[in-house]
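These protein sequence lines map, in sequence, to chains L and U. Every position in the first sequence, counted from 1, becomes a number in my numbering once 179 is added. Every position in the second sequence, counted from 1, becomes a number in my numbering once 1 is added.
One thing to keep in mind: the hints can contain errors.
What the hints assert, rightly or not - Chain U regions said to be covered by chain L (calculated; three or more residues, Cβ under 8 angstroms):
no.: 1; region: 42–52
no.: 2; region: 66–80
no.: 3; region: 108–117
no.: 4; region: 122–130
Said to hold, decoys possible - Chain U residues, not near chain L, derived (Cβ > 10 angstroms throughout):
no.: 5; residue: K6
no.: 6; residue: E140
no.: 7; residue: G143
Worth flagging that the hints you see were computed from the coordinates, not collected in a lab. For every residue, glycine included, the Cβ atom is placed at its ideal position computed from N, Cα and C.
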Amino acid sequence: MADFDQELDASGLNCPLPILRAKKTLNSMSSGQVLHIIATDPGSVKDFDSFAKQTGNELMESKEEGGKFHFLIKKS
Amino acid sequence: MEQKKLAIIATKGSLDWAYPPFILASTAAALGYEVQIFFTFYGLQLLKKDLSLEVTPLGNPGMPMPMGMDKWFPILGMTLPGMQGMMTAMMKQKMKKKGVASIEELRELCIEAEVKMVACQMTVDLFDMEQSQFIGGIEYAGAAAFFEFAGESDICLYI
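Go ahead and model the full structure; you've got the sequences and the hints to work with.
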């Protein structure tokens with residue numbers, strides 16, 4: 180897993196909480212920083228894809244590992 | 002990219018109907034939308050300081066029930082005293098178990114995300130409600146005022 184500046188564990192949280200928590204965390208980060216999100220909600224895969232597309236933040240990585248979903252989002 | 006607008010008109014006050022406006026509003030806000038919700042009629046229940054939202058399967062044939070009850074439990078049974086309270090408690094428990102936010106939490110998230118919440122002044126007067134019963138930070142207005150925003154919105158939903 181590439182380097183990240185902050186990590187957000189959204190395990191056990193269902194839609195729309197992972198996205199909302201991610202948005203809140205990203206707000207406090209600087210442009211160019213990377214947020215690593217861990218989620219267990221399978222719906223979050225599509226959600227983060229849409230989130231990145233609609234907010235202009237780059238979804239650098241999206242994968243499943245150890246039964247959880249991992250996302251790397253770079254703040255634009 | 003120009004900011005998109007979402008207008009929601011919330012007219013229902015039961016626990017199951019409370020979720021769609023708050024989830025849609027908070028998600029849209031997270032995606033960068035400007036969001037306003039107009040609470041009218043029973044939607045006003047969602048703005049009360051002390052939320053006591055309930056849900057009942059009575060008259061709700063689409064509501065799934067545990068233990069396959071919707072297949073064999075007689076409809077009259079749902080009118081028994083305590084049934085509504087029990088169903089509400091079971092629904093809330095299920096939400097918690099599945100990691101779904103409570104209405105209080107979702108409403109808080111909406112406020113944080115600067116979703117503008119507007120209470121229909123007419124309905125407040127109609128049902129003899131007081132502003133002190135509602136949470137702070139909301140506006141009171143009529144339909145015409147809301148149309149200013151709704152008319153410009155990209156998405157307008159009636160819930």
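Here's how the hints hold up against the structure:
1. 42–52: violated (count 0)
2. 66–80: violated (count 0)
3. 108–117: holds (count 3)
4. 122–130: With 0 residues in contact (Cβ-Cβ under 8 angstroms with chain L), the coverage given for the region 122–130 of chain U is violated.
5. K6: The claim holds: K6 of chain U sits with its nearest Cβ about 14 angstroms from chain L, beyond 10 angstroms.
6. E140: holds (23 angstroms)
7. G143: For G143 of chain U, whose nearest Cβ neighbour in chain L is about 30 angstroms away, the distance exceeds 10 angstroms, so it holds.
Violated hints, in rising order: 1, 2 and 4; the structure is consistent with all others.
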